[in-house]
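**Q** Please build the complex by placing chain W on the supplied structure of chain E, with the hints as guidance.
Heads up: the protein sequence lines correspond to chains E and W, in order. The working numbering numbers the first residue of the first sequence as 1 and each following residue consecutively. The working numbering numbers the first residue of the second sequence as 1 and each following residue consecutively.
Some hints here could point you the wrong way.
Note that identical chains are pooled: a pair holds if it fits in a single copy or bridges any two copies.
Once the Cα atoms are required to be at most 16 Å apart in a straight line, the calculated EDC-like pairs of lysine to aspartate or glutamate come out as [as the list claims (entries may be wrong)]:
{"no.": "1", "residue 1": "K312", "residue 2": "D267"}
{"no.": "2", "residue 1": "K86", "residue 2": "E282"}
{"no.": "3", "residue 1": "K373", "residue 2": "D418"}
{"no.": "4", "residue 1": "K202", "residue 2": "E474"}
{"no.": "5", "residue 1": "K155", "residue 2": "E12"}
The set of hints was computed from the structure by calculation and includes no laboratory data. Bear in mind the structure is a predicted one, so any value in this text is a computation, not a measurement.
Number of protein chains: 2
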Amino acid sequence: MNDKIEKYSIKELLDQYKIFLNKTVLVEGWIRSFRNSIFVSLNDGSTIQNLQIILSKNLEKNFLKKITIGTSIQVIGIITESIGKKQSIELRSLKITIYGGVDPKNFQKSILQPKQHSLETLRKQAHLRFRTNLFSSIMRIRHHIAFFIHKYFHKNGFFYINTPIITTSNSEGSGEMFQVTTIDLKNVPVKGKIDYKKDFFKCQTYLSVSGQLEAETASLALGKVYTFGPVFRAENSNTSRHLSEFWMIEPEMAFYHLEENMNLAEDFLKSIIKSILDFCIEDLSFLNEHIKKWNSKKKEISLLEKLKFILKFPFQRISYTEAINILKKKEKNKNFVYPVIWGIDLQSEHEQYLVSEYFQSPVIVFDYPSCIKAFYMRMNKDRKTVRAMDVLFPEIGEIIGGSQREERYDMLLNRIKDTKIDSRKLWWYLDTRRFGSVPHSGFGLGFDRLVQFITGMKNIRDVIPFPRTPNNAEF
Amino acid sequence: MNDKIEKYSIKELLDQYKIFLNKTVLVEGWIRSFRNSIFVSLNDGSTIQNLQIILSKNLEKNFLKKITIGTSIQVIGIITESIGKKQSIELRSLKITIYGGVDPKNFQKSILQPKQHSLETLRKQAHLRFRTNLFSSIMRIRHHIAFFIHKYFHKNGFFYINTPIITTSNSEGSGEMFQVTTIDLKNVPVKGKIDYKKDFFKCQTYLSVSGQLEAETASLALGKVYTFGPVFRAENSNTSRHLSEFWMIEPEMAFYHLEENMNLAEDFLKSIIKSILDFCIEDLSFLNEHIKKWNSKKKEISLLEKLKFILKFPFQRISYTEAINILKKKEKNKNFVYPVIWGIDLQSEHEQYLVSEYFQSPVIVFDYPSCIKAFYMRMNKDRKTVRAMDVLFPEIGEIIGGSQREERYDMLLNRIKDTKIDSRKLWWYLDTRRFGSVPHSGFGLGFDRLVQFITGMKNIRDVIPFPRTPNNAEF
Chain E
1 MNDKIEKYSI KELLDQYKIF LNKTVLVEGW IRSFRNSIFV SLNDGSTIQN
51 LQIILSKNLE KNFLKKITIG TSIQVIGIIT ESIGKKQSIE LRSLKITIYG
101 GVDPKNFQKS ILQPKQHSLE TLRKQAHLRF RTNLFSSIMR IRHHIAFFIH
151 KYFHKNGFFY INTPIITTSN SEGSGEMFQV TTIDLKNVPV KGKIDYKKDF
201 FKCQTYLSVS GQLEAETASL ALGKVYTFGP VFRAENSNTS RHLSEFWMIE
251 PEMAFYHLEE NMNLAEDFLK SIIKSILDFC IEDLSFLNEH IKKWNSKKKE
301 ISLLEKLKFI LKFPFQRISY TEAINILKKK EKNKNFVYPV IWGIDLQSEH
351 EQYLVSEYFQ SPVIVFDYPS CIKAFYMRMN KDRKTVRAMD VLFPEIGEII
401 GGSQREERYD MLLNRIKDTK IDSRKLWWYL DTRRFGSVPH SGFGLGFDRL
451 VQFITGMKNI RDVIPFPRTP NNAEF
Chain W
1 MNDKIEKYSI KELLDQYKIF LNKTVLVEGW IRSFRNSIFV SLNDGSTIQN
51 LQIILSKNLE KNFLKKITIG TSIQVIGIIT ESIGKKQSIE LRSLKITIYG
101 GVDPKNFQKS ILQPKQHSLE TLRKQAHLRF RTNLFSSIMR IRHHIAFFIH
151 KYFHKNGFFY INTPIITTSN SEGSGEMFQV TTIDLKNVPV KGKIDYKKDF
201 FKCQTYLSVS GQLEAETASL ALGKVYTFGP VFRAENSNTS RHLSEFWMIE
251 PEMAFYHLEE NMNLAEDFLK SIIKSILDFC IEDLSFLNEH IKKWNSKKKE
301 ISLLEKLKFI LKFPFQRISY TEAINILKKK EKNKNFVYPV IWGIDLQSEH
351 EQYLVSEYFQ SPVIVFDYPS CIKAFYMRMN KDRKTVRAMD VLFPEIGEII
401 GGSQREERYD MLLNRIKDTK IDSRKLWWYL DTRRFGSVPH SGFGLGFDRL
451 VQFITGMKNI RDVIPFPRTP NNAEF
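Next comes chain E alone, as it looks inside the complex (with noise of 0.2 Å):
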């Protein structure tokens, strides 16, 4: 019987309905619920609408009580118009296999109970979260914009580049790295200090923190690239905004000074927004309401609201000295805990009464101090700032961080010097501002935060499958 049937999802189905009336059709999925002995609603992940299937009558009682939530299922049967209103269009089953049932007791203790589950309970079932509305509109979210990435590269003229994850240099010259080995450490040779000789590479490796200086090699000949990986943090920072392990986007563009970089940087941006309302509004409209649920005491904009604020305007550009001026102005009536002072990093405090209270717009910040700032962005002629550019964003700060990068030799080598980091380690990179250097920027932006904010979870660690922090690499 099956041999002829086509086999569809639950999308197709649902998206072009009016096609598939009264033809007899194949589905397959996870029972979410069943009522009278007759309804069962039907999910194949391929979209959060589940799929009203209504049982034949003839079914026996003992195969009746196999029909219960989280067991999966092949139906084939007929397509018809909805009488409810819930739906347009229902399956009336002719035939109707059990694949999986499920074990009662295990089930009480596991996140299929349908009832409320915290968003800490669902991370300690991760390899079962992917079955809640909740999770499963987050991972087709996080597919769109992650695909939207890629395409509007594409379409730009990016080349996709994989820089090395095992490094031997740290590109910021800061931030705690693990280490990566395949020395026996009840057995560490050592002669004075570690014999490193006898490791993996010969040589003490890490796990990269940026893809960043890589990649500039690789625009300085292909033009415009982007990377799109894994990138680490050994920081002991529990908290929702930080993962030890998370995934980095990060353009590099040969003969573009900042002002394109900041309006690559906005466009981009705003693209990937448009889009996904676009294209996810069934997933965003889901948790929109359930986050008006979360929210429902205090009088916090939507995430609709919040997402179509961003395409609204353009974004504000200051230089982060007329920043501090704004903020000096304001710093009696505003209370910051931290003081203004030129030469500060902007605390969130900061960033926070510019985007959501002066400016109401994301705001681009360019021109910071050369102290607070990498070795490899552009130094102003003032020689006290560097043509770096934040984008800050209501609720999670920067959202993009970038540079025009110094393409200059000489000026690139002192820069190293001054910051003490061993410049015999990036000669490869220098060599790139020896032979043809060009005007060059670019930024780094990181996925799960992005996610974060178009999805409006509080937490990080609950936009990525598996997270690893600090004490916990649990799946």
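**A** Structure of chain W alone, referenced to chain E:
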């Protein structure tokens, strides 16, 4: 002057040259050659083709001295039809600006020096090899393959999943792994054994060799998912086919039996190759000619012929037992080094005989002996073989390895115990077989090896920007 003049990539200009005729445009790039004090070949990485620039005749001698190979320039000029036959258009320069020259002394030692360099020499200057025709072609093709893979899965209803890189488990139960740690190797905490409570994650952690098991848990809720990320092998394999860090694609599909898995694998590979023949024909043609030169003495088929060969026929599908019977018959004639006995893993010589001589087409071998395959593959009724499949290609052998996964809880638990893996570590994987388990399948494809096949490069180190291999983590 620059303000109103639009900037274009050389690819944009050449692709649609008719609309640019007699227009003033701005281009930027690196000088590839300079002839007769007037003709500059400019490349900007967007395409393998150079744009011919015609310098104006009134340039000063001192300025002309700076026009050297490798130097980066900006040119404003008028697009005109070319008199020469080599190119459709050329750019008559109105204004030329030099960004960065080359250091003549160091240039002599660099691979930018226009002469034949060995691939080994290019690898040692991996930061500069992006500027060669050969490596930039490979990088552009690599980008197109990656993008097509995302597009293919997206179109077919798959969701992209980021599985963890840092892991506590080894999915295959075999293969050497890198350890990830923040323990100070000079001061390893020991209480009888190493006290991993002092490590970052409070347990021993490694770099993942595969995201399959985690991806399976996602597919058992979202339906169809795929991973595309780095994986690692700490094996001392210094060959032309192995990397210590490489990129892997792993689709996992709920409700797929082995035959659907094979159909997907075949369609996927053919679609990629078809798309690359369509979209990258310039770069492929360059590689085709390049490789012909290397192979000039051999009667090998050309790169383009090899790619078209993959598209020509359905892949042959035979069981492992059939494969062994075929090989046994030819054993004496062919003088195989490895004896052909039911139960062996097929060796490269066996695979190549099947593909290049016996069938003269790609081959899918399925139903391998359970003793040579991983614990998660579905046991057949004969209790001797599992529903594994390998897709075998000319030259490189196994390009895809996959299977239908064991969905039966008891069978899976037995296999885990048989293979002496600690089942407690896999509690979450086993759990998915307790709550609505379904038949499902998936496969793994080494991305770099696919790029190697499509570009025809003999050494896998020449298809990834910064290869990691035993004793080598430079750049």
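**Q** What hints, given by number in increasing order, does this structure fail?
**A** none
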